[in-house]
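Chemist: Given chain A, work out where chain B should sit, using these hints.
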Amino acid sequence: MHIVVCIKQVPDSAQIRVHPVTNTIMRQGVPAIINPFDLAAIEEALQLKDRYGARVTVLTMGPPQAEAALRKAIAYGADDVVLLTDRAFAGADTLATSFALAQAIRKLGEEEAVDLVMTGKQTIDGDTAQVGPGIAKRLDLQLLTYVSEITDLDLSAGKITVQRRSEGGVQVIKTRLPALITMLESSNTIRFASMPNMFRAERQVVPQWNRDRAGIEDASKIGLKGSPTVVSKIFTPRPSSQRAKMVGADLDATGVANAVLDVLSSDHPRFAREIGLVTP
Amino acid sequence: MTEKFDAIVVGAGPAGNAAAYTLASAGLDVLQLERGETPGTKNVQGAILYSDALERIIPDFRNDAPLERHVIEQRMWVLDEDSFIGTSYRSDAFNSESPNRYTILRAPFDKWFSEKVRAAGALVICETTVTELLQENGRVVGVRTDREDGDIYADVVILADGVNSLLAKKAGFHGELDPKNVALAVKEIHFLSEEIIQSRFNIKGNEGVVIEIAGAVTHGMVGTAFLYTNRESITLGIGCLLSDFKKSGVAPYTLLEELKNHPAIIPLIEGGEMKEYAAHLIPEGGYKAVPRLYGEGWMIAGDSAGLVNAVHREGSNLAMTSGRLAAETVISLKGKGLPCTQANLGIYKAALDGSFVMKDLKKYRQLPEILHGNPHFFSVYPQLLNRAAHTMLTVDGEDKHSKEKTVRNSFVEHRSLFGLVGDAFRMWRATR
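Those protein sequences? They're chains A and B, same order as listed.
Numbering of the first sequence is given in the working numbering, commencing with residue 1 and proceeding in unit increments.
Numbering of the second sequence is given in the working numbering, commencing with residue 1 and proceeding in unit increments.
Hints are not guaranteed to be accurate.
[Stated by the list, open to error] One side of the interface only, derived from the structure: several residues of chain B facing chain A at Cβ under 10 Å:
1) Leu31
2) Thr128
3) Arg147
4) Asp151
5) Asp155
No lab work stands behind these hints: they were computed from the structure.
The beta carbon of each residue, even a glycine, is placed where N, CA and C say it ideally should be.
Bound conformation, chain B alone:
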């Protein structure tokens, strides 16, 4: 008994669910395979949900999706040892009928998304690992699973098996992940009552706050930290490049412990009970690290394709969008009666290139290299900024002109005028 489907989707994360949902909604015969016990049990994210990407797939998701809080305020903090300097943006306009960003907990959210996929008509089979792609004459024709009689065939296979896509690697579609292109992030969830969270963050109802953090807490490694408010908990996490962890020898949990003990963070999580700890790899190589995205009978989407915008901490929306575009590619080809050959699947890449996914990645394509080559962005500048603020805000009889001079000199002394101008130019070029 050989099973054959229009499409097989490997993985039930944001990319896989978006693909399977879109394919099934179009009436295609789709099989989704997930190695976890249920969808969501293996999935880790901060997590922020960006409405737009999901709205294009499930327009009325707000009716029943398990959302925690909608974000009305974003703070950016640059930390020194015992201080931080920061900015924040808060707007009542984010309290609109259809908020733009939400905090979510991935376990319940993924369960919900998967129920939608099943309701749309996809066959979802869990606890089943795809061990390799079946290939005939250089063409992917199906998958092999870890179960007895486990070969399953399909016209096209969409790989959404997450960061470190072992399948793509095994099939030779991309090489080993470069530690320079992967961040390792760890996070904890601390439970606190709704009332405490509301009063600590000056919010009401389901309003939420996001704090993005950089500086001393990463020990000069390329990385950032974050704090998200959920309904009854706070998610606190930190991530740095794997290559930097390797070089520094600092353990990720050490960073998290230090973050939790920073004077700026302590009062926010005080009294909370830590209930969850998770760690995950994030592909942060950007545009230049994106592998081949399609071939004979296959496409790759989401984290497995390295589609993460590290600068803006966006990933799940790129995943959902790429999953949807991969599915729409199949739907379009099926509609025209065309096979899923490499030549025909080129429209997937074209669609990605035309979307924010590739445009954003391309915009920041130089950034990874600049950050690798300039670790002072994560060590020297945070310190200088905090000291400058401290100098300017300390009233001690010294005149303001002299204080400005002290600040200026501290920058030049630590980074030289040439270095400062160079940094500014490089940052401008990398983000323009």
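Pulled out of the complex, with its shape left as it was, chain A reads as follows:
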């Protein structure tokens, strides 16, 4: 079994400080860590390795200094690592990032077919939770997001069973491999590296893949060029001062719907007109 874990090196947001004199964010000296959600993905992959036997390859895209995150991954027990790094990747949004990572995973699959791709549910610096699903879509993998536990893996049948958190409950889902799983942070705790792995982490060569090595021909899909996302404005959302209203608690479904419509048309006449609730 071949598991590819996608990770990201992020600034430790808990340790970001504001410069006391200039009031600017002090990026310098803020330690870079492995995104905590991704650590859960690494640990889950290593547990699968312990249980079923697997080759775990950890992949990241980032600047050359992201190598430190991959060395940590080796210390935890990853067999192989790949650092996807190229100036052409710079400025990538989640669309371009998932494209580049998907290409690299495809390339890794040429060496040994990939059964499972794992990653954290989101990063703590971007918070989008889009890259994992983006990879799954591009590689046509079964997508399992917000997974808290992998309960079973049947390699011969090519089936995996997981628990995933959903609104108001836990879903138990069984699907076929290959699949992509995004892990919740709280699902496990990263292991304490063994001494031999600590040595291996210091000594193992970290392969750096540029665009060509990752087999990316279309430069318009990576980096800034491949990133349609534009951040037009950043602001602090203001908390709403409006109070919530309870309507139709003792009514049936139709009654509740009618009560909601009444509130909408009286409190938000413009919205009601726009959706055609009331004719102007």
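Modeler: Here is chain B on its own, set in the frame of chain A:
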């Protein structure tokens, strides 16, 4: 899979880094183990860097080491409740091409030093605690770490694991630290703009000022305080003997708070934002408290060996020098194809004895006992000195002869003529 190295260095402070750097530069296969997340995260110092000791290890350190300010002025203040009497020495000669002392912040400095150690070829592994020394037939043959499959072997182990060296204690190389021989120091870093620091201390560019402080702020305990100017911050700290803290029941942070609220200090740190607080033990037992420094397959350096000159507030330079000398001992033995036996490692002790490290400690060997036995050095004298100055500098119609007599009488009254002469003699003997 058993790992074996020429040498293992435990700890990545000044002593450990000096040792690992020197060993690796000589082409030896060296492993350095550090328990902190990165080198420097566990290390605390005032901090003053003494150029000479580092220059002998990395001659061109000024090119890229993160230095704060070079010291051009040293003030010595003796405080009473609301006054101080002091001296200062300031010289433009300290603005030379290669200044003699710098203020530093240890976190960035240690990171830099460690990068040099790695670049020299040492294998540096962090987040790994050495739990004990591996011994075979009375000989240290390696270390055991807190990790799975954590035994690592080496021809020699250099212990640079800091004050309160648990490893040396566990191996029976020295006993429990005596509270009389350890100071507990606390410090704070207050951020202020470069311009404010420059104007408050009458300095320009990267010039810096050091203030050493004694007197009322220690509540009569054996100890001193300090203020260092960094580039964009001021470090303020105070330390006293652990045994005195125990006896007085005064909390260290209380002393620091009082120091910060002393009329002589308030205007210097006003408007600053406190960003860091740290506490650390300092081995101040001096010459007589230095433990065995080497044995079969091991040497000990820096704070873990108690190599601190408390009188002159020197420690990191003794640490770097001892680390370097320990490494040079190994290099010399390896060059001759000799094993690191106790007999052969004796040259480490000889090298230390021949250096300023042991010579300085020996010079002040009597001092700790004298200070323990004479607490009035830290209570009565500061008060008398301040009152004498106050009397002499107050013009109130009283003639100078009478004023001198008042001052003289106040000294005799508080300390007796016999006591004064005795103190003078003891101090002379302890520091000659």
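Chemist: Against this structure, judge whether each hint is valid.
Modeler: Going through the hints against the structure:
At its closest, the beta carbon of B/Leu31 sits 9 Å from a beta carbon of chain A; the interface hint therefore holds under the 10 Å criterion. Taking 10 Å as the C-beta cut-off, the interface hint given for B/Thr128 holds, the closest approach to chain A being about 6 Å. Among the interface hints, the one on B/Arg147 holds; its C-beta lies about 4 Å from the nearest C-beta in chain A, closer than the 10 Å criterion. The interface hint given for B/Asp151 holds, since its Cβ lies 8 Å from the closest Cβ of chain A, which is under the 10 Å cut-off.
With a least beta-carbon distance of about 18 Å to chain A, the hint placing B/Asp155 at the interface is violated under the 10 Å criterion.
Hint 5 from the earlier list is the only one contradicted by this structure; the remaining hints agree with it.
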